[in-house]
Amino acid sequence: MIAGRRARLRRRAVIIAALAAAVVVVFVLGLMVGRTFYPLDEVVRVILGERVPGASFTVGELRLPRSVLGALVGFSFGIAGVSFQTMLRNPLASPDIIGITTGASAAAVVGIVLLSLNETAVSFVALGGALVTAIAIYLLANRRGFAGARLILIGIGVAAMLQSVVSYVLSRAAAWDLQTAMQWLAGSLNGATWERVVPLALAFAVLVPLLLAQGRALGVLRLGDDTAASLGVRVSLSRVTLIVSAVALLAFATAASGPVAFVAFMAGPIAARLIGPGASLLVPAGLVGSLLVLSADLLGQFAFDNRYPVGVVTGAIGAPYLVFLLARTNRSGGSL
Amino acid sequence: MTTAHQLSAESVTLAYGDRAVIEGLSIDIAPARITAIVGANGCGKSTLLRALARLITPQDGRVVLDGEALSSRPTKEIARTLGLLPQSPVAPEGIAVTDLVGRGRHPHQGLLARWSARDYAAVAQALAATGIADLADRSVDELSGGQRQRVWIAMALAQETDILLLDEPTTFLDVAHQIEVLDLLTDLNRDRGTTIVMVLHDLNLAARYADELVAVVGGRVHALGAPSDIVTAELVRDVFGLESTIIADPLTGKPLVLPSGRHHISMRG
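Chains as they are written, first to last, in the working numbering: chain E, 310 to 645; chain R, 548 to 816.
Treat the hints as calculated values from the structure; they're not laboratory data.
All residues carry an ideal CB built from backbone N, CA and C; glycine is no exception.
Incorrect hints may appear among the rest.
Residues from chain R that face chain E, not an exhaustive set, calculated with beta carbons under 10 Å [as the list claims (entries may be wrong)]:
no.	residue
1	Arg-601
2	Ser-635
3	Met-702
4	Val-722
So the derived label-pair ranges between C-beta atoms look like this [stated by the list, open to error]:
no.	chain 1	residue 1	chain 2	residue 2	range
5	E	Ala-636	R	Tyr-563	35 to 41 Å
6	E	Ala-484	R	Tyr-563	54 to 60 Å
7	E	Ala-331	R	Arg-739	46 to 52 Å
8	R	Gly-657	E	Phe-613	48 to 54 Å
9	E	Arg-319	R	Glu-624	29 to 35 Å
Which stretches of chain R does chain E cover? Using the computed rule of at least three CB atoms under 8 Å from a CB of chain E, they are [what the hints assert, rightly or not]:
no.	stretch
10	742 to 753
11	788 to 796
Chain E with its partners taken away, still in its complex shape (with noise of 0.2 Å):
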């Protein structure tokens, strides 16, 4: 027995280096590839704080805070998402697919359209957007007692209309605000500078560890909110704190890039596949979420004749991986 559980957690102690190491490759080699190559010697030399002709303003200033963004990012889809996913005991639980990240796109779209808003201004609108559904969501769904089933329907009508809202403002975007708003839409890291970089990393700095103190009672939760309050979790507390915490962190991550498709839906499951059953997903799913966003946006720039956001290839991974996932889990009737 104790053989045995030493053994699962050596391994997942290994997995989750593999993939810590893994983002580390990607992160540097988004640093080190471009219009210009630099080498790795002088990428770790602009890192440390040297000046470097050339490389300290097109790596320090132009990719650094691209990666960045993009680790921040990906990490906080990813940790955002299967915190939902485990809590609700569903992969379609995911952020994404039960609307906040919908009411994120409606508000952004709507302040680029109708209200002509800057960069900054709609960052703002898209957080308040996605903070406003997810408040509704919980509220529509917490009716009578909290059903996470009710919240995953709930939340799919929620999403439906907000599209229909999107598609609305769209259809009505003079032709300069409609490139505008597509490009947030599809999600970028196209344009990232420091500043965008900073209230996403303030953000990161408080909620994360926010999520990772509700780690353990994750892990009960996963066995029903009965037997999880009778192992002494305040069920509903935590729950709150759990919620809170991810659509704060999904919302200010979706605000600095856009909505990177499936990324929050697709971490979860891909972390615990790799990290096997019954551990807590939440650093896995991020750094899965990392490495997702990091690789995909090497390959949206460099691996066809045209740039794609990074979104566009996420979108393009995420689509079939979100029918595989249904498919398997009709079969199953499994959850995460």
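Put chain R on the given structure of chain E with help from the hints.
Just chain R now, with coordinates in the frame of chain E:
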């Protein structure tokens, strides 16, 4: 496990929304004994158990553990004295038996998930007590219904509480596994003095295994006492609306209920 803890309900009213299921019910749970709560479907027996486990807050009255209302004590502290096996717990897909049983250690652990030597010992002991030590590294999904129920009981044992509440622990089990589970709970009561309170469907099993029987009708305690003292044809009629003949169980001497039914009325009648 030396001190006997006293769990009581003091004139509790329990309601879902506006619908009161139980009104003004009081009961003292006998420490270090096995208590079975029986009653017809919808009589409020599970609701009562959930209130004793602090899963429902009484509209009125209070549930008291060792002289203090449950609602005024930290829930994690209560979880070190009072355990519950709910009717339909959920096992995360693919989780290993040891890891699931280890979740029972939650109220004893701090913020970090690392297991102490004590945690390992408690889990090992729970696995041994429930006879599933050889399944320790198997996935819970692969187990039979009876084995799975033993895993859940093991989780409740790993919690190391002096009081254990169980909501229909024998549902979905065949008769052999039902007996096995009830024997296991009896061992626990005899060996460790654990107070056991369970909701049971089967009146005959309840009469055989319980020291104290609580018959609930319409949200009230209709009768309470040793099975031999309270199980009569009249009680069965009042509780279940069923005609029956009571004989002494040839094995145990405890009362055994033989339901009549419309097609099988007494030959002597």
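Now for the hints, and whether the structure bears them out:
1. Evaluation of the Arg-601 of chain R hint against chain E yields a held restraint, the C-beta minimum of about 7 Å falling below 10 Å.
2. The restraint placing Ser-635 of chain R at the interface with chain E holds, with a minimum CB-CB distance near 7 Å, inside the 10 Å limit.
3. Interface hint status for Met-702 of chain R: upheld, as the beta-carbon distance to the closest one in chain E is roughly 8 Å, under 10 Å.
4. Among the interface hints, the one on Val-722 of chain R is violated; its C-beta lies about 26 Å from the nearest C-beta in chain E, farther than the 10 Å criterion.
5. Between Ala-636 of chain E and Tyr-563 of chain R the Cβ separation comes to about 37 Å, which falls inside the hinted range of 35 to 41 Å.
6. Restraint check, Ala-484 of chain E to Tyr-563 of chain R: a C-beta distance of roughly 57 Å satisfies the suggested window 54 to 60 Å.
7. The given range of 46 to 52 Å is respected by Ala-331 of chain E and Arg-739 of chain R, whose C-beta atoms sit roughly 49 Å from each other.
8. Look at Gly-657 of chain R against Phe-613 of chain E: about 50 Å separates their beta carbons, and that is inside 48 to 54 Å.
9. The hinted window of 29 to 35 Å between Arg-319 of chain E and Glu-624 of chain R holds, with their beta carbons roughly 33 Å apart.
10. Counting residues of the stretch 742 to 753 of chain R whose beta-carbon sits less than 8 Å from any beta-carbon of chain E gives 0, not enough to reach three: the coverage restraint is violated.
11. Counting residues of the stretch 788 to 796 of chain R whose C-beta lies closer than 8 Å to any C-beta of chain E gives 0; at least three are required, and the coverage claim is violated.
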